[in-house]
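S.K.: Those protein sequences? They're chains A and B, same order as listed.
Just so you know, numbering that gives the first Met the number 0 puts 176 at position 177 of the first sequence, and the rest follows in order with no gaps.
Just so you know, numbering that gives the first Met the number 0 puts 121 at position 122 of the second sequence, and the rest follows in order with no gaps.
The set of hints was computed from the structure by calculation and includes no laboratory data.
Keep in mind it's a predicted model, so treat the numbers as computed, not measured.
It does not matter which identical chain is used: a pair holds within one copy or between any two.
Keeping only pairs whose Cα atoms sit at most 20 Å apart, straight-line, the calculated SDA-like set for lysine to any residue is:
{"no.": "1", "residue 1": "K140", "residue 2": "G181"}
{"no.": "2", "residue 1": "K112", "residue 2": "V40"}
{"no.": "3", "residue 1": "K199", "residue 2": "Q184"}
{"no.": "4", "residue 1": "K35", "residue 2": "E117"}
{"no.": "5", "residue 1": "K112", "residue 2": "R126"}
{"no.": "6", "residue 1": "K140", "residue 2": "Q184"}
{"no.": "7", "residue 1": "K140", "residue 2": "H185"}
{"no.": "8", "residue 1": "K35", "residue 2": "R131"}
{"no.": "9", "residue 1": "K102", "residue 2": "E187"}
{"no.": "10", "residue 1": "K92", "residue 2": "F154"}
{"no.": "11", "residue 1": "K112", "residue 2": "E128"}
{"no.": "12", "residue 1": "K112", "residue 2": "D127"}
{"no.": "13", "residue 1": "K199", "residue 2": "E186"}
{"no.": "14", "residue 1": "K140", "residue 2": "L176"}
{"no.": "15", "residue 1": "K140", "residue 2": "A113"}
{"no.": "16", "residue 1": "K35", "residue 2": "T116"}
{"no.": "17", "residue 1": "K140", "residue 2": "S150"}
{"no.": "18", "residue 1": "K35", "residue 2": "R126"}
{"no.": "19", "residue 1": "K112", "residue 2": "A78"}
{"no.": "20", "residue 1": "K35", "residue 2": "S115"}
{"no.": "21", "residue 1": "K140", "residue 2": "S174"}
Protein chains: 2
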Amino acid sequence: MPKPRRDAATTPKTAAKVQLTPEDWLRAAEQVLVDKSIDGVRVDALSKDLGLTRGSFYWHFKDRDDLLRQLLQRWRDRATEQIIDRFERRNIKPRDLIRDLLKLPLHGENARKAASTELAIRAWARRDEMARHFVDEVDSKRQAYVAQCFSALGFDIPESRTRAFMLYAFLLAESLLAEDGGQSQHEERQQALESMLLRKLD
Amino acid sequence: MPKPRRDAATTPKTAAKVQLTPEDWLRAAEQVLVDKSIDGVRVDALSKDLGLTRGSFYWHFKDRDDLLRQLLQRWRDRATEQIIDRFERRNIKPRDLIRDLLKLPLHGENARKAASTELAIRAWARRDEMARHFVDEVDSKRQAYVAQCFSALGFDIPESRTRAFMLYAFLLAESLLAEDGGQSQHEERQQALESMLLRKLD
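Turn these sequences into a full structure, and let the hints guide you.
M.R.: So this is what it looks like as structure tokens:
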């Protein structure tokens, strides 16, 4: 991002305003959501944390609701991007895609952070209509992609849907539960599930 | 806990104090945890909500930490009770137990409330050592019971552990995800998983 040019006429306050992008506000809001809760995401508190006036907030957002909606949109786009990216790599066999999905990076700092954000959003969605809407959209989009994979392997629609649900449940659980048992148990589970999901039922 | 005796010298304020049990405080705290976040669970705010003085709080709890610990203990006991109860019903075949676990009531008002509480506790546990400890304990206790079931069916230890993880993942996902597809898809998934989990892998 190009930094705005400061000239003699720019007061320090105006300079601070234009140096922060909407993304900076969204990142700060997301951090408060994870560390506290959505109720902690307030224009006055955020402005204070960022050392800015409330006015600087309205430079970028219509109101608090606008910030919350953008926060959810940003999360949705990132949350589905990982799966969609995999689908758009051409020449990859459905079986490899499934193996690949089962290995989605679940640990490490970034994955942990993403999981914390997702969990905070899910908790928020249990009592907020707008958040619920985005969470449902993400859940069904991800499952639809996975189901498509199983269909490509020749499973019929209900079978594909069921298998997609299970693969998705596995990924949710891997990101929710503690890393007990560590890497070797994780791989053991992953292989067992792969083998179950790829087999035809009687 | 024996209730303190009320006599003529008891002021109305004292009467209000003794009419509330620790359970009343814990229930109120849990509601705040779900509706706001753990940061909202504060002695002053709770006392105000309950129309009592801060002093009445210290009648039952040493401090805020004591309240939080009891909140977690209460959740742990309830969260594992459901599974343990099933295990203690004698003369039930392991195969039926597994079927029974897959049908754990996941919807309805009480289940939804329990799921919201659990989700709020999981979100809290991502940034709090004490909460993490209780969540890990619950997750491993539930999985250990389920694994025991698979062992009783003749699966070896790694197979039982893997299957327990999957069954547990399924239950987590069913409680986390929206009820899309409704009852018929739920039953379809349940039957497919049951059939996968009870089959020996090559």
